[in-house]
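Colleague: Protein chains in written order, with my numbering: chain A, 186 to 1223; chain B, 56 to 206.
Because the hints were derived from the structure by calculation, they are not lab data. Where a beta carbon is used, it is the ideal one built from N, C-alpha and C, also for glycine. Treat the hints with caution; some may be incorrect.
Calculated cross-link-like contacts (lysine to any residue; reagent style SDA-like; alpha-carbon spacing at most 20 angstroms) [what the hints assert, rightly or not]:
{"no.": "1", "chain 1": "A", "residue 1": "K912", "chain 2": "B", "residue 2": "V96"}
{"no.": "2", "chain 1": "B", "residue 1": "K200", "chain 2": "A", "residue 2": "R897"}
{"no.": "3", "chain 1": "A", "residue 1": "K783", "chain 2": "B", "residue 2": "G91"}
{"no.": "4", "chain 1": "A", "residue 1": "K890", "chain 2": "B", "residue 2": "V96"}
{"no.": "5", "chain 1": "B", "residue 1": "K139", "chain 2": "A", "residue 2": "S709"}
{"no.": "6", "chain 1": "A", "residue 1": "K912", "chain 2": "B", "residue 2": "L102"}
{"no.": "7", "chain 1": "A", "residue 1": "K868", "chain 2": "A", "residue 2": "S709"}
{"no.": "8", "chain 1": "A", "residue 1": "K760", "chain 2": "A", "residue 2": "Q655"}
{"no.": "9", "chain 1": "A", "residue 1": "K614", "chain 2": "A", "residue 2": "K657"}
If the Cβ cut is set under 8 angstroms, some of the chain A residues that face chain B in the computed set are [stated by the list, open to error]:
{"no.": "10", "residue": "Q785"}
{"no.": "11", "residue": "K890"}
{"no.": "12", "residue": "P893"}
{"no.": "13", "residue": "A901"}
{"no.": "14", "residue": "I905"}
Spelled out, the chains give:
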Amino acid sequence: MIESDDFILEFVEEAVTHVERVEKELLAMEAGEISDDGINAIFRAVHSIKGTAGFFALANIVRLAHTMENLFGEIRSGAMQVNTTIIDVMLQANDCLKAMIDDVHRQEEVVIDAHVAAIEALLQGEAGPAAKGGAAPQDEAAIEAGATLTLQQEQRIARILPGLDRGSAVILQEALRHGHRIYQLRVSLTEDLEKNGVSPVQFFRRLQSIGNFIACESDTSEIGGLDAFLGAQIYVNFTFTTVLEADLAVKALRVPGANLIEMPLGEVAMAEEQGSAGVPPAESVAIAVEAGEEAAPTLVESAPAVAAIEGATVVAKEPPAAEMARAGGEGGERHREDSIKVSVGLLDNLLNLASEMVLGRNQLLRLLEGQRKQITGLDAVLQNIDSLTTEMQGKVMQTRMQPVGNVFNKFPRVCREISKQLGKEVELKIEGAEVELDKSIIEALADPLTHLVRNSLDHGLELPEQREAQGKNRHGSVILRAYHEGGQVNIDIVDDGRGIDPQKIKEKAWSKGLISEEEFGEISDQEAVELVFRPGFSTAESLSDLSGRGVGMDVVKTNVEKLSGTVSVLSTPGKGSTFRLTLPLTVAIISSLIIEIKGQRFALPRINLQEMVRVKAGDTDRRIEYIMGAPVLRLRGHLLPLVDLAEVVWQKEPAADTAGKVVSLDDRREARGAGISRILVLKSGSRQFGVLVDRVHDDEEILVKPLPAYLRSCHAYSGITIMGDGKVALILDADRILSMAGLRFLEEHLQQLQQTEAVAGDNFERQNVLLFKCSGEEIFALDMGMIARVEEVQPERIERIGDREYIQFRGEALRVVRPELYLPVTKGAEGAGRMYVIIPKHVKRPTGLLIRQIEDSMESTVQLDAESIKAKGLLGSAIIKGRLVLFLNIFDLLELVAPEDYRDAELRPQQGDGRRVLVVEDTPFFARMERDYLESAGYEVVAAANGKEAMEMLRDHKIDLIVSDIEMPVMDGIELIKTVRADRELCWMPAMAVTTLSTDSQIKAGLESGYDYYESKLNKISFLEKVKLLAERGREAV
Amino acid sequence: LSETLLSFYLNDRYLGVDITRVKEMNRRVEYTVVPGAPPEVVGLLNLRGQVVSLLDLNYLLSGEEAKPLNTGEVGMAKGCVVLKSWGGGDTSQVGFVIDQPGDVVEVEESLCEPPPANLGGMDRGMVRKVARLEANLLLILDVDKLRHSQP
Chain A
186 MIESDDFILE FVEEAVTHVE RVEKELLAME AGEISDDGIN AIFRAVHSIK
236 GTAGFFALAN IVRLAHTMEN LFGEIRSGAM QVNTTIIDVM LQANDCLKAM
286 IDDVHRQEEV VIDAHVAAIE ALLQGEAGPA AKGGAAPQDE AAIEAGATLT
336 LQQEQRIARI LPGLDRGSAV ILQEALRHGH RIYQLRVSLT EDLEKNGVSP
386 VQFFRRLQSI GNFIACESDT SEIGGLDAFL GAQIYVNFTF TTVLEADLAV
436 KALRVPGANL IEMPLGEVAM AEEQGSAGVP PAESVAIAVE AGEEAAPTLV
486 ESAPAVAAIE GATVVAKEPP AAEMARAGGE GGERHREDSI KVSVGLLDNL
536 LNLASEMVLG RNQLLRLLEG QRKQITGLDA VLQNIDSLTT EMQGKVMQTR
586 MQPVGNVFNK FPRVCREISK QLGKEVELKI EGAEVELDKS IIEALADPLT
636 HLVRNSLDHG LELPEQREAQ GKNRHGSVIL RAYHEGGQVN IDIVDDGRGI
686 DPQKIKEKAW SKGLISEEEF GEISDQEAVE LVFRPGFSTA ESLSDLSGRG
736 VGMDVVKTNV EKLSGTVSVL STPGKGSTFR LTLPLTVAII SSLIIEIKGQ
786 RFALPRINLQ EMVRVKAGDT DRRIEYIMGA PVLRLRGHLL PLVDLAEVVW
836 QKEPAADTAG KVVSLDDRRE ARGAGISRIL VLKSGSRQFG VLVDRVHDDE
886 EILVKPLPAY LRSCHAYSGI TIMGDGKVAL ILDADRILSM AGLRFLEEHL
936 QQLQQTEAVA GDNFERQNVL LFKCSGEEIF ALDMGMIARV EEVQPERIER
986 IGDREYIQFR GEALRVVRPE LYLPVTKGAE GAGRMYVIIP KHVKRPTGLL
1036 IRQIEDSMES TVQLDAESIK AKGLLGSAII KGRLVLFLNI FDLLELVAPE
1086 DYRDAELRPQ QGDGRRVLVV EDTPFFARME RDYLESAGYE VVAAANGKEA
1136 MEMLRDHKID LIVSDIEMPV MDGIELIKTV RADRELCWMP AMAVTTLSTD
1186 SQIKAGLESG YDYYESKLNK ISFLEKVKLL AERGREAV
Chain B
56 LSETLLSFYL NDRYLGVDIT RVKEMNRRVE YTVVPGAPPE VVGLLNLRGQ
106 VVSLLDLNYL LSGEEAKPLN TGEVGMAKGC VVLKSWGGGD TSQVGFVIDQ
156 PGDVVEVEES LCEPPPANLG GMDRGMVRKV ARLEANLLLI LDVDKLRHSQ
206 P
């Protein structure tokens, strides 16, 4: 009995928190904060009270809670709206409930009729006049919740669970939708619970943790009140739903299995959902159980139930984990959550403060830089504050980051609806849904993306018949792709439709008076296509039917620009269009380059900066020339128009001196002592231009503040910021500078630019590369695939043993080396401040590369030039974003560092014995590396860029073995090996696949298709070992 | 009936503003010049993380543009008065450059009168009234006129 009292006490404690929750939510609603969360919270709270109280036969509490639950079930399903009357009635009922719970032993004495009547009046009053019968709200709820229960199923529910109230029915429907099964469980309070030391409340929680409680009934007719109840041997019948199968549910609840029966409804619901005829077997099962139920509960072991379970496992798949988690989350207070809700406002505040703190830290560091040495201990403190602040800012930012999938997810549906409407067939592909962006950006993206996707479907894609007539796939394809590039996120909306016809756009723009007749003739195709972003291009008539090309495109542009992003469009008539949004990761803080003009500093957002070119006097490749006074730079075979930024922002008319003679840019700059050293290449849409600045300072993360109202007329700026030293700096707006400078781009130039871009984009795989600097000026690069991780390290943590340096990494000593000491590059002074360690993959002995600074990480095409700069330890050089970058050959480098680890390397030249290897690889970078490795081991190498070329090579040359990539254009590695194995003359050919794809299933597929070995890119040693094995096999075959 | 004013000197004029509208007064401030800014804007000042637009009262009163600074990023002013923000969603911070701060003066309404008709360069109605003080005349400014008119 004492235990029973404890049970009661536990129930009371829990019920009180529920009642308090109800009160709090009701009050919040009264204050106008009506939210679905609040409604759900109330619903769940009263539902829980009802459930547990049922255990103790607390009839009055059950009855009142039940009525309250019904009311909120209606509200939750949307059939009723919260109003002040409801809140009043509910508050009073809740008070009564509270009173009963507080004095639970005398709850029978409390008169609840008034409350019950009041609530029921509300229920009838609302449901009645709205002409909604008993079933209607449920239907509506079902539709609202996307439930798919048919009327038939509902009737079945009603038959099997007679008297099921609406609130519980809603839960049941939801549960079924999540693939739950319905069970009935008979539990004896004394036998099953008390004996095992389980309290009813604990039991109830356990039940809620595996599924949803629906209803419970206990035969309490002979028991008068709580005291009698506690002494009696009493059984309670629970109805609940869970995704678990019967035996698992029994284990989870720790009750005897014999007490559990499964209701076949789950199977019924599922069978019908599948759209199959499915009625006869389901019907029979239902009837069988129904019959069984009337006599005695059918045991799990009995035939129909087993059939039902089996049927359910066959028809209804286990819901995916995510859904289970969601179903778990919906159940409310089942378990302590390890996350809490925080208002976005608070996070915004936190972000602002963190940003200010970063600025404060910068000021502090700058101020105390000189004193670092003088004041003992200052250095360590500063470094600590430095890293703490960085980390804190990072974490605060992280709290706001959300996957872009949150907004992408709605597009399959949108796509389906629109394409149906338009009679088009569309396949939507979503890529990069995991890419994260600031919450505010994600939220603001929904509209522009919808516009763009709708636009692609509507105007981009042709009708299926038209597509077929043009030899295209009936299915149009729309790709929604997010990816990182250079510290920003790009979102591409790609369609393979008809593209944009510049001529038509021009005509339309002209007819709307957006361009003059003169412009009509002059405007380039690219500029014409970009006219779709002009305000006024889309008109009211086309807005109404959403079919004018460029509907709301100006709105898209404005919205994206509000996020400090850009939008551009590339289109090939007949082939399709790509709209590209380039977005910063976060809105508040942007990465920008600090530049100086006329002694004043400005911030230039990195998003606009394409590359930086250094111009030296006497360098003939990069010299500034003049065409009728207009300065241009020869840059990689193109002429880049140049603008002196000082002249643009100061708005002077500079081009002629007093005598009216044109003064060259050089002289003009010389006159104010600036000279020309660096040119920043900016991009605005697809247009490029170079700007001259006086000095280039560091990159800085800046907090963007809006431009004060007084400066709205200054078009050169997009905002202001406060810099590390406390000075205000203006943020330059590249697009506006372009128009202020009066640059006009001609057709051919843009086409050329596009072509270069297209060539680079089509023929080569894009690689992820990490760019970094050692103590010198050179920029080094490594393929991301070669890097296991990158760690920040404080210089004082580097320990010296002899002439070697080590750091502690995961409890072990990790040797670190400074690459610049082994390479023919500049070596800078050993500075203070943090450094980074790059830990490469696939190396024999873990060794870290100690570097000074991470420059960038980006996806880029790499055209590796192995000839211009040659040295052991270097693969070659490449131009990435206009900068000369040295690619490290990590194995050679580590061999230089620790020759003793690689002694067997000396044996290698004999290994190859002049055998000829065909390397099939479309990425020039990897082709180069493989060739290097093979040649170093004495093989002769011939190369092919895809399977087709490889087949030609195999026919024309004597080849000893094949090393091939899998993912390639034209003919991939799988097809290649199948062709080879099918060829009578070549079928013996030893072959291995070398690829970055390396999941088990892919390896299996590779091996099954005929490769002898599978190697991941690119561990030199194991690569060569496998090649050696292959070579031996080849010899045996011959 | 009297009014409390913060007085200051600018370009040999003796000026005053309603002290309840003043947030603070600073001496010797460095500000950032904005190339291409309209003539009434002197530059931008960082006031503890808030950016204040510094206006040129001299230009607003007389239409005389200040001599542009040569090169060098920092503008220097002998002092500035920063006004309280106007509220109502307008959180922009505005101030103006002064030559020298004066005293806080209490001015009897009886000593004030509308600006004389022959006062030139007043098209903006910047001067609200003129107070006849014993030693000199105080031009009392209407700071609301400094509010940026366009949204």
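Colleague: Each of the hints needs a verdict: does it hold here or not?
Modeller: For each hint, the structure was consulted:
1. A:K912 x B:V96: The hint holds at about 17 angstroms.
2. B:K200 x A:R897: holds (18 angstroms)
3. A:K783 x B:G91: Holds, because 14 angstroms separates the two Cα atoms, which is no more than 20 angstroms.
4. A:K890 x B:V96: With a Cα-Cα distance of about 18 angstroms, the restraint between K890 (chain A) and V96 (chain B) holds, given a limit of 20 angstroms.
5. B:K139 x A:S709: Roughly 51 angstroms separates the two Cα atoms, so the pair is violated.
6. A:K912 x B:L102: holds (10 angstroms)
7. A:K868 x A:S709: Within the cut-off at roughly 17 angstroms; holds.
8. A:K760 x A:Q655: holds (10 angstroms)
9. A:K614 x A:K657: Given that 20 angstroms is the threshold and the Cα spacing comes to 17 angstroms, the pair holds.
10. Q785: Where the cut-off is 8 angstroms and the nearest Cβ of chain B is about 4 angstroms from Q785 (chain A), the hint holds.
11. K890: holds (6 angstroms)
12. P893: At about 4 angstroms, which falls below the 8 angstroms cut-off, the nearest Cβ of chain B leaves the hint on P893 (chain A) intact, so it holds.
13. A901: This interface hint holds because 6 angstroms falls under the 8 angstroms limit.
14. I905: holds (6 angstroms)
When held up to the earlier numbered hints, the structure conflicts with hint 5 and nothing else.
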